[in-house]
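In order, the protein sequence lines correspond to chains X and Y.
Just so we're aligned: the first sequence equals residues 1 to 241 in UniProt numbering.
Just so we're aligned: the second sequence equals residues 1 to 241 in UniProt numbering.
It is worth saying that the hints were derived from the structure and are not from the lab.
Do not take every clue at face value.
If several chains are the same, the list does not tell them apart, and a pair holds so long as it fits within one copy or across any two.
As the list claims (entries may be wrong) - The calculated lysine-lysine pairs, modelled on DSS-like cross-linking and capped at a C-alpha distance of 30 Å, are:
1) 13 - 178
2) 71 - 13
3) 20 - 200
4) 33 - 144
5) 13 - 240
6) 178 - 54
7) 71 - 178
8) 191 - 98
9) 178 - 40
10) 71 - 164
2 protein chains.
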Amino acid sequence: MINVVGIGPGDLKMMTFQAKEAIDNSQVIVGYKTYINLIKPILSDKEIVSNGMKQEIERCKEAIEIAKTGKIVAVISSGDAGVYGMAGLILELLEVEKLDLKVNIIPGVTASTAAAALLGSPLMHDYCHISLSDLLTPMDLIEKRVELASQGDFVICFYNPRSKGREHHLERAFELIKKYKSADTVVGIVKNAAREDEEKIITTLEAIDYTLVDMTSIVIVGNNSTYKADDLMITPRGYKI
Amino acid sequence: MINVVGIGPGDLKMMTFQAKEAIDNSQVIVGYKTYINLIKPILSDKEIVSNGMKQEIERCKEAIEIAKTGKIVAVISSGDAGVYGMAGLILELLEVEKLDLKVNIIPGVTASTAAAALLGSPLMHDYCHISLSDLLTPMDLIEKRVELASQGDFVICFYNPRSKGREHHLERAFELIKKYKSADTVVGIVKNAAREDEEKIITTLEAIDYTLVDMTSIVIVGNNSTYKADDLMITPRGYKI
Chain X
1 MINVVGIGPG DLKMMTFQAK EAIDNSQVIV GYKTYINLIK PILSDKEIVS NGMKQEIERC
61 KEAIEIAKTG KIVAVISSGD AGVYGMAGLI LELLEVEKLD LKVNIIPGVT ASTAAAALLG
121 SPLMHDYCHI SLSDLLTPMD LIEKRVELAS QGDFVICFYN PRSKGREHHL ERAFELIKKY
181 KSADTVVGIV KNAAREDEEK IITTLEAIDY TLVDMTSIVI VGNNSTYKAD DLMITPRGYK
241 I
Chain Y
1 MINVVGIGPG DLKMMTFQAK EAIDNSQVIV GYKTYINLIK PILSDKEIVS NGMKQEIERC
61 KEAIEIAKTG KIVAVISSGD AGVYGMAGLI LELLEVEKLD LKVNIIPGVT ASTAAAALLG
121 SPLMHDYCHI SLSDLLTPMD LIEKRVELAS QGDFVICFYN PRSKGREHHL ERAFELIKKY
181 KSADTVVGIV KNAAREDEEK IITTLEAIDY TLVDMTSIVI VGNNSTYKAD DLMITPRGYK
241 I
């Protein structure tokens with residue numbers, strides 16, 4: 001059996017009871033080493049299989065091999081396992097192999113809503129998630145989605161906004177957004193949400209300092225009603241108050 | 001002090017430790033009666049203020065009045081408090097009144113990712129949330145967003161997809177989607193996610209029976225790579241496996 005567990009953004013308190021229980025009930029814990037470290041305090045004497053970034057396929061294959069031996073395996077994702085996480089890969093691999101292993105997907109608090117809670121309430125209206133990583137998605141499709149989401153005045157949450165090797169994707173995205181959204185549209189950045197060194201910045205499309213954004217950041221671009229009030233980013237739901 | 005608490009989709013196990021702690025630490029619990037009932041077992045002897053649907057403004061104003069007296073108040077939202085929930089309204093009301101009350105927003109597992117976990121892994125690629133309720137949003141903006149999201153081949157999660165008085169919004173949305181997405185695009189429906197009578201249906205844009213969808217449902221429309229395998233809905237992340 002495989003439990004694919006979304007552990008939430010990082011802080012153990014932001015894990016669900018169900019996620020904790022699934023980890024407690026598993027014999028082997030498989031995950032990216034950074035995420036394993038986040039939950040170390042609750043792993044006690046479990047067998048741990050961890051590896052580095054970009055090794056997702058090997059990691060999931062290994063989890064499946066272990067589960068085939070009859071052990072209960074927990075595959076760890078940060079945030080929600082089904083949002084750019086490990087749930088899809090596990091199910092895809094099982095489907096290719098036509099294996100009939102039991103899989104439980106345990107949802108968690110995803111990075112965008114964790115970041116939003118720190119910023120205020122930026123996600124109170126229709127929004128979208130776009131990953132700016134072009135490792136698995138062609139850049140032209142990413143750009144097309146950025147343009148269409150901007151045209152529709154969606155609030156936009158960027159996952160994987162910037163890293164070494166992708167230093168200019170966010171800047172390029174903002175250029176496209178500015179074709180449709182005003183340059184003073186409110187932008188929220190949260191770094192290391194619910195982890196040590198958590199940091200939030202509220203700025204605008206025009207004033208952003210891109211160098212403040214890194215791989216651990218979520219960037220949320222507001223819609224045309226989003227406003228800044230003190231240190232909060234608020235998107236109105238539309239109530240007449 | 002006000003804790004705006006996302007309790008997750010319904011099952012107490014899908015609440016975070018932080019949400020439980022915030023409720024435990026609050027003296028008065030304010031919420032829509034259906035959500036209060038979901039968490040009744042953990043409210044023990046708390047003072048409870050609950051009311052019905054469409055009374056969100058009254059409810060939040062009442063929470064603020066109680067908090068002004070110095071009591072610690074928890075305002076309950078299902079799912080994540082910041083996703084079409086109570087977080088925005090509380091912050092907006094405080095901003096209008098220029099009140100300096102401390103507010104903690106406690107995120108939770110939102111309905112879309114809870115539904116996704118039951119369906120398989122439909123949200124593994126870029127997706128958006130669109131509410132089909134036109135109580136607070138003009139129908140032409142909703143329709144514009146549906147068209148643009150379809151053009152961008154986003155996975156689309158519909159909140160508030162269908163209710164009395166809005167019986168044909170989903171059908172109208174699907175007509176628009178079919179201008180851009182193939183009629184055999186996979187569609188997942190989850191009713192009462194993580195509650196009694198939970199039910200899931202995997203169908204297509206063309207084959208859907210709209211009458212199966214109600215107010216408690218989340219409807220997820222796949223992208224052009226989403227497929228059905230047995231009773232699962234899978235959106236590939238893009239790995240070469």
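Outcome of the hint check:
no.	hint	in the structure
1	13 - 178	neither (38 Å within a copy, 42 Å between copies)
2	71 - 13	both (27 Å within a copy, 24 Å between copies)
3	20 - 200	both (28 Å within a copy, 25 Å between copies)
4	33 - 144	neither (34 Å within a copy, 43 Å between copies)
5	13 - 240	neither (35 Å within a copy, 35 Å between copies)
6	178 - 54	neither (32 Å within a copy, 36 Å between copies)
7	71 - 178	neither (52 Å within a copy, 44 Å between copies)
8	191 - 98	between (40 Å within a copy, 28 Å between copies)
9	178 - 40	neither (43 Å within a copy, 47 Å between copies)
10	71 - 164	neither (38 Å within a copy, 48 Å between copies)
In this structure, the hints that do not hold are numbers 1, 4, 5, 6, 7, 9 and 10, in rising order.
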